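Trainee: In case you want the letters, here they are:
Protein chains: 2
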Amino acid sequence: MKNTILGFTFIIATALVISCTSKTEEPTTTFDLVTAKAEIEEANENFMALVAAGDSVGLANAYTSDAKFMSAGAPSVVGRANIQSAMAGIVNSGITKVDLRLENVYGTKDLIAEEGELSLFVGDKEVAIEKYLVLWKKEDGKWKLFRDIFNSNLPVE
Amino acid sequence: MKNTILGFTFIIATALVISCTSKTEEPTTTFDLVTAKAEIEEANENFMALVAAGDSVGLANAYTSDAKFMSAGAPSVVGRANIQSAMAGIVNSGITKVDLRLENVYGTKDLIAEEGELSLFVGDKEVAIEKYLVLWKKEDGKWKLFRDIFNSNLPVE
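Chains as they are written, first to last, in the numbering used here: chain A, 10 to 166; chain B, 10 to 166.
Hints listed in this document are in silico derivations from the structure and should not be mistaken for laboratory results.
Remember, predicted model here, so these are calculated numbers, not experimental data.
Each hint should be verified, as a subset may be incorrect.
For identical chains, the list gives no copy identity; a pair is met inside one copy or between any two copies.
[Stated by the list, open to error] The calculated DSS-like cross-link candidates involving lysine-lysine, where the alpha carbons are at most 25 Å apart (straight line), are:
| # | residue 1 | residue 2 |
| --- | --- | --- |
| 1 | 118 | 134 |
| 2 | 134 | 151 |
| 3 | 118 | 146 |
| 4 | 134 | 46 |
| 5 | 106 | 153 |
| 6 | 134 | 146 |
| 7 | 106 | 134 |
| 8 | 106 | 118 |
| 9 | 153 | 134 |
| 10 | 46 | 106 |
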């Protein structure tokens, strides 16, 4: 009888150990916003280099496949193929450089919101100063622009 | 001897039960994006009612104390007092109605990103169609606008 109870108690204890262990084996959150900010800054450096190179294919690939490019003066441009056309339009319009100035990031491993300001250049001439919000998501292990909206800081002429 | 083992095993089992229980007593995440979406929709209804009432104080209180209102044609307006002035400017400009059309929400209990489209009206006339991104944060237990950026869907005339 005691052996039975002992065995039974042991089975329960073992079950509890397995139960507890399985709980602590859940993947721990290694997300760290400081690291994410550095990764977003790196992604911005890459974006600026692609604009300087006039690489609309590379720019389109900086966006998620289901991204929205929310530029002023037109409805949102949805999806990578359409965004590539929009990027080709921008680099063909004479824009030679974008200067992205990240101010803050917020969020989690699943979604980062970035706010900042940017300047557009034609040659050495600064032709626009804008504020922006970008939502970033990871696609294929890389942070990509999921939503990208901006507007001018300057009064309409 | 068996009694000792039995008792010892029982203590371990009890300890494991307490250990497991204490783990499951950690505050569970009750966040649910469907509920949050409904809460944001309610906050938008409130915002639309405040615009219709021309209530710039109420509108400023819909923003967090550290909010940024990122309107086109000017730098960001930062903080509730400045946002109240901006809201007074909008309601005094003749805008009688805003129609907010939420499309999607993303995020967590700490930060919601909303995307949508809006129309502005002067009387019965729709004078602007814009897309927007809003970051929402809870302040005093209520969702408030933390970042608010939008731009026109229409080409510059």
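Trainee: Next, verify each hint and record whether it holds.
Mentor: Outcome of the hint check:
1. For the identical chains of this complex, residue 118 and residue 134 are neighbours neither inside a copy (37 Å) nor across copies (43 Å), given an alpha-carbon limit of 25 Å.
2. Taking identical chains as interchangeable, the C-alpha atoms of residue 134 and residue 151 are never at most 25 Å apart, the minima being 32 Å within one chain and 45 Å between chains.
3. Taking identical chains as interchangeable, the C-alpha atoms of residue 118 and residue 146 lie at most 25 Å apart whether they share a chain (8 Å) or sit on different chains (18 Å).
4. Taking the closest pair of Cα atoms, residue 134 and residue 46 never come within 25 Å of each other, the shortest separation being 29 Å inside a single copy and 43 Å across copies.
5. Taking CA atoms no more than 25 Å apart as the test, residue 106 paired with residue 153 passes inside one copy only; the shortest distance there is 20 Å, against 36 Å between copies.
6. Taking the shortest alpha-carbon separations for residue 134 and residue 146, neither the intra-copy value of 32 Å nor the inter-copy value of 38 Å comes in at or below 25 Å.
7. Taking CA atoms no more than 25 Å apart as the test, residue 106 paired with residue 134 passes inside one copy only; the shortest distance there is 10 Å, against 39 Å between copies.
8. In this assembly of identical chains, the alpha carbons of residue 106 and residue 118 never lie at most 25 Å apart, being 30 Å within a copy and 37 Å across copies at closest.
9. When the C-alpha separation of residue 153 and residue 134 is checked against a cutoff of 25 Å, the pair qualifies neither within a copy, at 28 Å, nor between copies, at 39 Å.
10. Taking CA atoms no more than 25 Å apart as the test, residue 46 paired with residue 106 passes inside one copy only; the shortest distance there is 22 Å, against 38 Å between copies.
The structure fails hints 1, 2, 4, 6, 8, 9 (numbered hints given earlier, in ascending order).
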